[in-house]
Structures are given as structure tokens and as C-alpha cells.
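Numbered per the numbering used here, the sequence shown finishes at 785, counting up by one with no gaps.
One or more of the hints may lead you astray.
As the list claims (entries may be wrong) - Listed below are the simulated DSSO-like cross-link pairs for lysine-lysine, each with C-alpha atoms no more than 27 Å apart in a straight line:
id, residue 1, residue 2
1, Lys492, Lys303
2, Lys249, Lys332
3, Lys356, Lys269
4, Lys249, Lys170
5, Lys647, Lys551
6, Lys647, Lys616
7, Lys551, Lys492
8, Lys471, Lys249
9, Lys170, Lys193
10, Lys245, Lys170
11, Lys193, Lys230
12, Lys369, Lys356
13, Lys647, Lys492
14, Lys303, Lys356
15, Lys322, Lys368
16, Lys369, Lys332
Calculated from the structure, these hints are not laboratory results.
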Amino acid sequence: PSYQDHCGSIVPESTPNENTHNSSPFDDHQRGYFTGGDSIIDGGTSLNQYFDLQPMYIRATKFSDLFNVEATVSLTSSISDYWNSSHGDSLRYERKRRYRRNHVYFKLEGFWSESSGKACMVGKGNGYSKTGKHLNLDAVFKLDKVFSASNITSLVNGSLESLSSPKDESYFEPISVVMFPKANYKYTLNSTEVTNEFSSGSDAMKGGLSLNSLSFCSRPLSRAIRRLPLEFSPECNSSKNCTPFSENSGPLPFLVSLKGIECSISNNKHRLRILVRFLNTSNYWISQSFNPKTMLVGEGWWDEKKNMLCVVACHIIESSLAGTHVGDCSIRLRLRFPSTWSINSTSSIVGQIWSNKSTNDSGYFKKITFRNEDDGSVGIQATKYEYSLLDRAKKSCPAPKPVKNKEKRYPDANSYDMRFDMAVRESNKRVAWGYSSPLAVGGEISTIDQISSSITVDSTFDQNVSSSIVEAPEVVLNSGGLFNISYKILLWYNSTSNDKNSLLNQSSWSVRISAEGIYDSGAGSLCMVGCRDIHLNSLKPTAHSVDCEIVVKFQLPPLDERSGIYIKGSIESTRKKSDSLYFKPLELSSAAFYTEAAEKLVWRMDMETIMVLISTTLASVFVGLQLYHVKRHPNVLPLLSLVMMAMLTLGYMIPLVLNFEALIAQNPNNKNFVFGNVVWLEVNEIAVRLITMVAFLLQFRLLQLTWSSRKSDESNKGLWIA
Numbered sequence: 064p065s066y067q068d069h070c071g072s073i074v075p076e077s078t079p080n081e082n083t084h085n086s087s088p089f090d091d092h093q094r095g096y097f098t099g100g101d102s103i104i105d106g107g108t109s110l111n112q113y114f115d116l117q118p119m120y121i122r123a124t125k126f127s128d129l130f131n132v133e134a135t136v137s138l139t140s141s142i143s144d145y146w147n148s149s150h151g152d153s154l155r156y157e158r159k160r161r162y163r164r165n166h167v168y169f170k171l172e173g174f175w176s177e178s179s180g181k182a183c184m185v186g187k188g189n190g191y192s193k194t195g196k197h198l199n200l201d202a203v204f205k206l207d208k209v210f211s212a213s214n215i216t217s218l219v220n221g222s223l224e225s226l227s228s229p230k231d232e233s234y235f236e237p238i239s240v241v242m243f244p245k246a247n248y249k250y251t252l253n254s255t256e257v258t259n260e261f262s263s264g265s266d267a268m269k270g271g272l273s274l275n276s277l278s279f280c281s282r283p284l285s286r287a288i289r290r291l292p293l294e295f296s297p298e299c300n301s302s303k304n305c306t307p308f309s310e311n312s313g314p315l316p317f318l319v320s321l322k323g324i325e326c327s328i329s330n331n332k333h334r335l336r337i338l339v340r341f342l343n344t345s346n347y348w349i350s351q352s353f354n355p356k357t358m359l360v361g362e363g364w365w366d367e368k369k370n371m372l373c374v375v376a377c378h379i380i381e382s383s384l385a386g387t388h389v390g391d392c393s394i395r396l397r398l399r400f401p402s403t404w405s406i407n408s409t410s411s412i413v414g415q416i417w418s419n420k421s422t423n424d425s426g427y428f429k430k431i432t433f434r435n436e437d438d439g440s441v442g443i444q445a446t447k448y449e450y451s452l453l454d455r456a457k458k459s460c461p462a463p464k465p466v467k468n469k470e471k472r473y474p475d476a477n478s479y480d481m482r483f484d485m486a487v488r489e490s491n492k493r494v495a496w497g498y499s500s501p502l503a504v505g506g507e508i509s510t511i512d513q514i515s516s517s518i519t520v521d522s523t524f525d526q527n528v529s530s531s532i533v534e535a536p537e538v539v540l541n542s543g544g545l546f547n548i549s550y551k552i553l554l555w556y557n558s559t560s561n562d563k564n565s566l567l568n569q570s571s572w573s574v575r576i577s578a579e580g581i582y583d584s585g586a587g588s589l590c591m592v593g594c595r596d597i598h599l600n601s602l603k604p605t606a607h608s609v610d611c612e613i614v615v616k617f618q619l620p621p622l623d624e625r626s627g628i629y630i631k632g633s634i635e636s637t638r639k640k641s642d643s644l645y646f647k648p649l650e651l652s653s654a655a656f657y658t659e660a661a662e663k664l665v666w667r668m669d670m671e672t673i674m675v676l677i678s679t680t681l682a683s684v685f686v687g688l689q690l691y692h693v694k695r696h697p698n699v700l701p702l703l704s705l706v707m708m709a710m711l712t713l714g715y716m717i718p719l720v721l722n723f724e725a726l727i728a729q730n731p732n733n734k735n736f737v738f739g740n741v742v743w744l745e746v747n748e749i750a751v752r753l754i755t756m757v758a759f760l761l762q763f764r765l766l767q768l769t770w771s772s773r774k775s776d777e778s779n780k781g782l783w784i785a
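Let the sequences and hints guide you as you build the complete structure.
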């Protein structure tokens with residue numbers, strides 16, 4: 064398309080020079096958000112619409128403030144409602160059509176004026192219509208506020224418009240875009256006055272782990288901070304005066320999602336820009352579209368003295384997407400990683416959001432707390448555990464009895480056998496399932512349930528991501544082989560109950576319990592006092608509250624038990640039945656397949672496999688020698704017993720018929736998790752069956768020769784009688 068016709072009045076045209084402009088206002092990969100363009104790109108029910116601008120060349124011209132720009136622009140819309148389509152061929156067609164229509168690509172060229180901050184480009188693109196027809200698209204791309212230097216208040220707005228006639232099939236509705244500038248960004252919000260605001264409050268005084276702020280822009284931490292459950296004060300019933308968005312009086316949001324836009328070093332300090340999104344659903348993947356009414360953008364830095372992340376956040380004010388700008392930077396957010404866990408606090412991420420305005424000012428809201436629930440996805444955890452309910456655990460649990468049979472051995476407190484899945488029953492009815500895993504053994508955090516990839520707890524710039532794991536030293540036994548131990552227990556419901564005294568009727572779809580107590584490694588008994596999270600109203604994310612009137616017990620079987628090895632346990636409330644928080648006892652059970660038993664079983668299977676391979680190979684060799692012998696001496700064939708030949712042939716055929724599937728291919732659904740990598744076991748099984756088939760074929764050939772010899776020697780009927 065003609066640049067002069069569509070962009071000449073916005074940014075004048077000029078002849079570019081050969082040299083390339085070094086100070087670009089665009090980053091190598093500039094990402095933003097867009098709305099519109101429904102005729103060429105699908106939005107779906109779950110909007111996640113991203114806009115990407117990638118400059119190819121930026122050339123100087125004869126005018127000092129005018130530059131020639133060549134770039135590619137792509138629009139992507141992630142669709143998550145495929146399952147709403149019908150099955151079969153129509154589903155495959157729908158997926159193919161949606162895949163084509165969730166990405167549009169343009170190649171553009173034009174000019175950018177550094178003094179006015181405007182850019183205009185024209186070019187062509189490729190897309191698909193709603194019917195799946197390929198389209199050639201002509202477009203003009205306009206940007207405003209594109210300056211070579213930017214700060215928190217700068218937002219780049221623009222539009223992508225079709226140059227086709229509205230009656231033309233390749234016409235599309237105007238697309239509005241907005242971007243956060245990245246190149247030549249200047250941090251301006253970390254003044255001394257602002258820094259002092261993060262020193263107040265009890266949470267600022269608590270210890271935290273040291274961490275490099277650049278980790279917020281890398282995995283796995285960036286994945287963990289994108290869905291953090293919110294906790295509001297009990298008097299909050301709506302968003303009014305309880306969230307940063309005071310004009311919205313709707314329901315309280317469930318999650319806050321933090322996303323690092325950019326991590327860098329500014330004035331020898333680790334700095335980052337962060338996008339804060341409040342979500343009205345507990346599902347992170349829903350409502351991911353650009354919605355300034357529920358989003359904040361801010362600048363953050365890592366306070367190395369207090370070991371916490373400090374963020375100054377600003378509202379994104381929207382009159383229209385083209386008129387979107389940033390203002391009112393009165394919101395504060397801090398986040399830390401506790402170095403010490405306790406039964407009441409086992410979250411690896413905790414933080415607060417508040418306003419620096421006074422109570423009577425417009426825009427003030429009550430302080431909001433957030434913490435993570437899924438510890439495994441963070442990659443970082445506390446280094447110490449503090450016990451607070453051990454005295455109660457000793458009173459609630461019976462004293463250990465003298466061990467009668469000292470030859471029995473039970474799992475070690477630091478072994479993987481202490482982590483197990485469970486079936487949960489209430490009143491002899493299975494109601495839930497879950498898992499139990501040690502949180503701490505002694506005063507040290509357990510590494511049994513820790514993921515292999517972890518963020519290193521260090522503030523060095525070039526060590527922001529590492530696979531190092533904090534190794535807990537060997538735990539010292541208490542007297543009599545007793546361990547101080549802490550557990551995390553998570554239960555998921557199969558169905559909810561209408562019984563008011565049922566635990567299933569008092570919480571959301573899951574129950575999270577932290578427990579601490581005593582493990583007797585000499586008797587295999589585990590007795591703890593537990594605290595469960597209380598959801599006073601599953602429809603409203605209220606402040607963190609717990610019920611610690613719970614006793615959890617487990618009895619582990621001996622390591623050398625040969626049959627019926629089950630872990631038995633219970634979760635009981637110590638409250639009176641008239642108490643509103645009382646719940647019926649839960650019975651727990653788990654199949655205890657210990658690591659030591661698994662190793663013995665694998666060793667036994669290997670030995671059995673070797674014996675079968677040797678015996679079947681020898682049988683094949685012997686039958687082969689018999690065939691060689693009857694070939695040289697055919698007169699002995701009538702002397703062989705047909706009954707014996709038939710029985711031997713069936714002996715090789717029956718295992719092959721019963722295991723025909725295993726001979727052809729192994730079914731991955733039939734693997735037992737305790738064997739881990741079972742490739743070598745599969746090879747052995749296939750080798751056994753192949754050799755068995757060889758033995759069967761050789762034996763069948765000998766049976767065939769014997770039968771043929773008998774039929775051809777009918778004159779000697781005495782042999783048949785014999």
C-alpha cells in the first residue's frame with residue numbers, strides 16, 4: 064500500500080540512509096495487548112490476546128528526528144474452549160479452523176518521528192476468515208507516544224486498521240493495541256520516602272530468605288507468583304474499600320497474579336517492572352484479557368537488608384484503549400519468602416497489598432494479604448521449622464509402649480517411605496483421597512517432597528537460577544528412637560456431604576492440614592496435633608484462620624512384613640459434638656509398598672527372568688539337537704510318544720497365548736509406579752517370550768515330524784499300541 068496516501072499526514076516520508084539507528088525506542092521483542100479484529104482472529108470464551116512487535120531495521124534519514132522502520136506485527140489469541148465443539152470430524156475441523164484463526168501476521172514498513180513520538184507503517188498480512196478462507200490483508204499501523212526514553216507513566220497506544228473496503232471479504236474491524244515500553248526505561252519510584260513506607264508493619268520485621276530479584280522473570284518462580292490466593296479482612300463483603308479498585312463494588316477477587324515485565328540493573332540495584340492482575344475466579348486461566356479496571360503496573364526492587372520485594376504500583380486509567388495511561392501510584396506491595404515455617408504458617412510466599420492514603424481519602428482500601436498454597440511449584444523453601452504444639456501432642460498421644468519384638472524394623476524418619484497417598488473413609492464410606500508428606504524432621508525442613516529444580520537463595524546477579532537444593536543435615540535421634548516431625552496433609556473430596564458434622568460440609572473441595580508431633584521409629588507409630596485451614600465462606604476469600612483442635616495418627620507396618628502391609632490412620636476432632644467446628648472422625652489407609660521391599664521384588668524378578676532365560680534357551684538347544692538327531696536317524700521317529708510331544712508343545716504355547724500382547728508391545732497403562740524406569744524389565748520380558756516362541760516352534764516341528772512318521776508307518780501297528 065502507498066505510504067504517502069495513508070501515513071503522509073501523520074509522519075512525513077523521507078529517503079533512508081544505509082546506516083542503522085543505534086538508539087531504538089523499540090525492544091527486540093515488544094509485547095502488548097490488543098482488542099478487536101473479530102473477523103480475522105478468534106477471541107473465544109477465555110481471552111488471552113497478545114500483540115507482538117519485532118523491529119527488523121531502523122534506519123536514519125536526512126532529518127535528525129525521522130527514522131525509517133521495518134517491522135513485523137503478530138496478533139495471537141489463545142483459545143481454551145475447544146471442548147465446546149462436537150466430537151468426530153467436526154471437532155477436528157473446528158480445531159484446525161481455530162488454530163488458523165488464533166494467529167495473524169503482518170509485515171510493515173514506515174517512519175517514526177522521535178520528536179512527536181508518532182509512528183506510522185503500512186504493509187500486508189495473512190489471515191483467515193470465519194469460514195476458514197485464506198485472506199490477504201492490507202493494513203496501516205499507527206502508534207503514539209513512542210519516545211526514545213520512558214518511565215512508569217509511559218504507555219504506547221496504537222491501532223491496526225484495514226485498508227480494504229468494508230464490503231470486501233478481506234476487511235477487518237479496527238484493532239486497538241497498548242504496550243508497556245521496554246527500551247531505555249528509567250526507574251523513578253524508589254525515592255527515600257517511598258522506601259521508608261515498607262519498613263512499617265509486623266510483617267516487615269519477620270525474617271526472610273535472600274533472593275535475587277531477577278528470579279521473578281524466570282522459572283519456576285515466575286510461574287508460582289502468577290496465582291496467589293488473596294485474603295481479605297472479615298468485614299469485607301464487596302470490593303468497595305477492600306480492593307485498589309474502589310469504583311467496583313462487585314465480588315471480591317480470588318487471586319492476584321504477578322508477572323515480571325522486565326528485570327534489569329539500574330544504578331547498581333536489581334530492579335524490575337511488574338504487572339499486577341486481580342482475578343475474580345480461582346482459575347488462573349480464565350479472564351486473561353487486557354482489563355485495565357483490574358490491573359496495576361509498578362516498579363519494584365529487592366531490599367537486601369529486609370530480604371523482601373518492594374513494589375510501588377500504579378493504576379492503569381482507561382478512557383478508551385487508545386487513551387489508556389498510567390496514574391495514581393499510591394499502592395504498595397511487598398513480598399517475602401519466610402526463612403522459618405511453623406504449624407500456622409507453611410507458605411513459601413507471603414505478602415501484603417495496601418494504600419498509602421489515609422482512611423478518609425478516596426481510593427483507600429484495607430490491607431490485603433496473599434500467600435501461596437502449592438509449595439512444590441515455587442522451587443524455594445524455608446531452612447528451619449519451629450515447633451509450637453509438641454506439648455499438646457505429647458498429652459493427646461499415648462506414651463509409647465515397650466517394644467516386644469525388637470527384631471522388627473520400621474521406616475526411617477528421613478526415608479521416602481514416610482510420604483504416602485491415602486484413601487479417606489467416613490462412616491465406612493470412601494469420601495476422599497489425599498497424600499501425606501513430611502514437612503520437617505527435627506528442626507530441619509525435609510527434602511523428600513522437594514522438586515529437583517530450585518531457585519538458589521542468593522543475591523548474586525549471575526546466580527539467579529540454579530538447581531542447588533538446601534541439604535538438611537542428619538537428624539539426631541531423641542531418646543528411645545523418637546523424632547520430632549511435622550507433616551503436610553492434603554485431602555481432595557470425591558463428593559460433598561449434607562451432614563453438618565462432616566468435614567466435607569465445612570470447607571471447599573479440598574482440606575489442607577499442617578501437623579506436628581512425635582514419630583516412634585521403634586514401633587512405627589506417628590501421632591500429631593494438626594491445624595486445618597478454615598474457609599468460613601467458600602464464596603469469599605477471608606482472612607487466614609485455622610482450627611488446631613485435631614489429632615492425626617498413623618501406624619506404619621514393619622519393613623519386613625510380607626503380606627497385608629497397609630498404613631492405617633485417623634483424623635479426629637477433639638472438640639465437643641456441639642461445637643460448630645466439630646467433624647466426624649476420618650479413617651485413613653494406604654498400601655505401604657516400601658522402597659526396600661520394591662528393591663527386593665525387583666531383584667527377585669531379575670533372578671526369575673535370568674532362570675527362565677537359561678532354562679528356555681537350554682530347552683531350545685536340546686530340541687534343536689533332537690531335530691538334528693531325527694534328521695540323521697529318521698527310523699527313531701515312530702518310537703517317540705505323541706502324548707509327550709503334545710504336552711511339551713502345549714507347555715510352550717500356553718504362556719505365549721496368555722502374554723501375546725506383551726510380546727507385541729508393552730501397555731504403558733499397566734506399569735507400576737514403584738519400578739520407575741522399567742525399560743530394562745520390558746526388554747527382559749520380550750526376550751523371554753521370543754526365546755519361548757523359538758522353543759515352541761522347534762517343539763511343534765518335532766511333533767509334526769513324529770505325527771507324519773506314525774501315519775506313514777501304518778504297517779507297524781504294534782508301535783501304535785506301544
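Here is how each hint holds up against the structure:
no.	hint	in the structure
1	Lys492 to Lys303	violated, 44 Å
2	Lys249 to Lys332	holds, 13 Å
3	Lys356 to Lys269	violated, 33 Å
4	Lys249 to Lys170	violated, 30 Å
5	Lys647 to Lys551	holds, 20 Å
6	Lys647 to Lys616	holds, 15 Å
7	Lys551 to Lys492	holds, 24 Å
8	Lys471 to Lys249	violated, 68 Å
9	Lys170 to Lys193	holds, 22 Å
10	Lys245 to Lys170	holds, 22 Å
11	Lys193 to Lys230	holds, 15 Å
12	Lys369 to Lys356	violated, 32 Å
13	Lys647 to Lys492	holds, 12 Å
14	Lys303 to Lys356	holds, 14 Å
15	Lys322 to Lys368	holds, 24 Å
16	Lys369 to Lys332	holds, 15 Å
Of the hints listed earlier, those the structure fails to meet are numbers 1, 3, 4, 8, 12, in rising order.
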